[in-house]
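Peer 1: Residues per chain are reported as follows:
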Amino acid sequence: MTKRTFVFAVILIICASFCLSQEKSPSVIAIRGANIIPVVGEDITEGTILIKAGLIEAVGKNIDIPEGAKIIKAEGLFAYPGMIDSSCYLGLQEIGSIRATVDYRETGRFNPQAKTVEALRPDSMHIPIARSNGITTALAAPSGGLISGQSGLIRLVGWTPEEMIIKSSVAMHIQFPSLPRLRRRRETQPREEASKQIQELKEILKQARYYQKRKDVAKKNLGLRLPEFDEKLEFLLPVVNGELPVMISVHAEKDIKAAIKFVKEEKLKAIFYGVTEGWKVAEDIKKSGIPVVFSSLNSVPPKWEDGYDAFYRNPGVLAKAGVKFAFSSGSASLAKDLPYHAAKAAAFGLDKKEALKGVTIYPAQIFGVDKMMGSLEKGKVANIVLADGDMLELRTNIKHVFIDGKEVDISSIYTELLEKFKKR
Amino acid sequence: MKRNTIGFILVVSLVIFSSFSFGQDLLIKNGTILTVTKGTVPKGDILIIKGIIKQIGENIKAPRGVKIIDASGKYVIPGIIDSHTHIALTGTNESAEAITAEVKMRDVLNAEDRSIYTAISGGVTMVHTMHGSGNPIGGENIVIKTKWGKTSEEMIVHDAYRTLKFALGENPKRSNSRTIGTPRYPQSRMGVNAIIRREFLKAKNYMEQWDRYLKAKKSKKSAKNLIAPRKDLRMEQLADMLRGKMIARCHSYRADETLEFIKLSKEFGFKIACFEHVSEAFKIAKELAEEKIGISVFLDNWAYKVEASEGIAYSASYCTKKGVLVSLNSDSGERIRRLFNDAAKAMKYGRLSEEEALKLVTINPAIQLGVEKIAGSLEVGKHGDIAIFNEHPLIAYTHCEKTIIEGEVYFDRTQYLKEREEMEKRKKEEEKKKEKKGGKK
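Residue numbers (my numbering), protein chains in the order written: chain L, 54 to 477; chain E, 157 to 597.
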C-alpha cells in the first residue's frame, strides 16, 4: 500500500464514519411547546414530549430536555397519538378496477388460511397518503366468502412486510350471512338462505373442535391415527381454542341479534364490523360485551324508514349505550379519510372526545395493543402526530408524524406529482 | 248549480294561481350570512318575497304574514349546486349504441328518487343531472332544483344552458365492463376521438343538405320535385352544438385526451362548458385557463381505475389558483350530501381560503351551468335558494339544518327529528300493546 492510498483510505474511513454517525438518530427527541392531547388523561397546553429508544419517555408541562436531544419545535401545533384504522385495504389494493392489484379477497367460501400480511405491499402509493394524514397503524383486513381470512395489524412505515407487521394475526374475518344483503358492488357468492349458511359456519367450527380432539387423543396414544390433514380446520384451530378472535361483518338488526347468539353458542371471542343498524339493538350489543368497528359512514341507509342520518348517528347511540367502538375506512385509496368518519359521527350526536378515542385508544383496546399504543403516555410506543389544528378537522394539515419514535416522510404521490407539474 | 260553479271557479283560479305563482315569502333572521360573492354579514337577515331575495341586511322587519326563521348562531349560505350527478333519473346510459345524442334526460326525470331527499339533507338545491359516460356522445343533460315532493316539470331550471354529454377514455371504450359478443366500436382512445369527429362531419353534411334545400326552395328557379332532407334527431342535436345553441360537458380523465377534445372543439367550432372528473387537470391547468374551460371534479375520490390513479387531491385548489373555474361534483346519490365537506378539504389540500372553498360548490357550478344570475350566491334579485348549517359549513362537525328553495323549506332537520321521535314513540306503544296481548294469551 502506497502512502497515498493509505491516506486516501483513512480519509474515506473518517468520512464514512462521520456520515454514519450523522445518519444515526439522536438518542432523545424532544417535542417542545405543543398543545398535547394525550387522549388518556388531561390535555396539556405547551407541554413537552420526550422520545427515547422509540418509546415515550415523558409527557408533561415542566419537563427538562436533556442535553443533545433533537428538538422539534412544536409551538402552536397540536400533538396527538397516531390514529388507528380498524379495517382497511392499505397495502392490499392499488387500483380498484384492476384485479391484478387487488389482494384482499380470495375465491371460495372458506379461507381461514388466507393472511393479509402475506400479501402486503409496503410500497403501496396509498400508505404515505394515509400516513401523512395522521394514521400510523392499520388493520389490513380480508373480505369475501363466509370466512375471509386473517387480518393483521401493521405500522404504516417499513421497507418490507416484516418491518410493517405489528401483529400478524389479529382476527379471523367472518362475513355473517344475511338476507337481503346490503347492496354490494361485486357479489361473488350466490345468495343462499342465511340460516343455512349460519349452520354451515357452526358445522365447520364443530369439525374444527373435533379435529382438535382427535389430535389431542392421538398425541396421547401412538396407536391412534392422526386426523387427515385439513387446511381449513387446521387454520380454524386458534379460533375454536379461544386464541384468535373472530371479526364478524354484520349489519342488519336481525342479523346482529343472530350473530350475538352465534358468538355465545360457539363461545367465541368476537369483534363486530359494520353494525350499521346497531342503534336498533344497542342494549343487546352492550350486554353481549362485543366491541364494534364501524364501517365507512359514507353510505345511504338501505332502509328509508331508518332516516337519512341513520349511519351518522349510529356511533353516538352505541357509545351512549356503553358499547366499545372504533372507526374504520374500509378502503385503501380513501383510508386517509378515517378521521372524517369520526368527525361525522360527532356532527350527529357522538361526543367529540369519544370520536377521537374511536380512532386512537379504543381500537388499541379492541385489538389488545393498548399497552403499546393508542395514547400519549409514558412507556408507550412513540406514534405521534403534530397537527396545525384539530386532527379530525377537514382543513387541518399534519406537519410531523412519528412512528416508533422515528420521524417519517410525509410526502406522497400527491405531493410528488404536484411538485413535478408545478415545474411546468 | 250555483255552489258547483263557485266551486269550479275556485278550483280553476287556484290552479291558475298556483301555476303562475313563483316561490314563497320568508324572512331568515340573525344568521351569519356567507354570501360567497359579497362577503360575510356577521349577524344579518335575508328577506325573500315570492321566491326572490329582496333584501339582505340587518334588522329587516317582516312584512305582514311573512314566515320567519330564526337563524341565531347558525350559518346561512347559498344553496349548494352539484354540477355533475345522475340522481332523479330512471336511466343513465343508453349503451346499445356509441352515439346517442338524441337521448334526453328530461324525458326520464324521476321526481320520486330518494336521492333528491339525500341531496337536500346536505344543503343541495340545484343539480345538473346527466347522461352516463358509456358513450362518446351521450344525451342531453338537464338542470333541476331539488324540490322534493314536487313534480319533475316543476323542478326544471329553464334558465340553464342546454348541455350535451361527451365522454372519453376508459368508459366509452368499455375497458372496465364485460363484453358480450362483438365488442362495440370504439375500443380505444383513437376510436373515441375518431367517432366524435365522424359524427360532427356527418352533422355538418346534414346542416349543409338542409341549407341547400332551404335555399333551393326559396329561389324562383327551384325544381318542382324538390324533396326535403330527412329530419334526423341525432343530427339536430349535433347541429345545435355547431350552432352554439348547446354546449359540451365532456367526461375525461387523462390530460392528453382532454387536450385532444379541446382540439376537436376548435376543429368544429363548438363550445366546451366544462370537463368532468378530469383527474389530471393539474397537468394542463395552463391550457384550461387559457381556453377558459371549467372543470367539475372530485376533490379526492381517486384510484378506482387506471385513468383515475393520478388524481391528486391538490388538483382542485391548484387549478383554482391557476385561474381555472373549478366546481366539486358528487357524481353520486351519496356524496351529494357532503359536498361541503369536500369543499373544506380544498383548504387542506392547497390552502384555499374559506370563500374560495365555498365557491367550489356554489357560484362556480352556477357559472358552469349558466345560472349565475339566479343562483350560486346570496344577492338581491337571485332566487331564495339557501342552506342553513348549525356550524360553519366548512367545519367537520357541522350538519345541515334547513334547505330552502325559492323561499320554501324543503328540508328541516328539527321537523325531521320531531317526526322521528313521534314515530319511535308510536312504535314503542305498539310493541307494548303487542306484549300486553301476548301476556293475556
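Mixed in with the good hints there might be a few duds.
Said to hold, decoys possible - Using 30 angstroms as the maximum straight-line C-alpha spacing, the simulated DSSO-like pairs for lysine-lysine come out as follows:
no., chain 1, residue 1, chain 2, residue 2
1, E, LYS583, E, LYS593
2, E, LYS358, L, LYS356
3, L, LYS476, E, LYS478
4, E, LYS593, L, LYS307
5, L, LYS356, E, LYS306
6, E, LYS583, L, LYS333
7, E, LYS306, E, LYS358
8, L, LYS317, E, LYS377
9, L, LYS377, L, LYS317
10, E, LYS206, E, LYS217
To be verified - Which stretches of chain E does chain L cover? Using the computed rule of at least three CB atoms under 8 angstroms from a CB of chain L, they are:
no., stretch
11, 347–360
12, 467–479
13, 492–504
Keep in mind that the hints were calculated from the coordinates and are not lab data.
Ideal Cβ positions, reconstructed from N, Cα and C, are used throughout, including at glycine.
Peer 1: Checking each numbered hint in turn, tell me which of them this model violates, lowest number first.
Peer 2: When the structure is compared with the hints, numbers 2, 7, 8 and 11 turn out to be violated.
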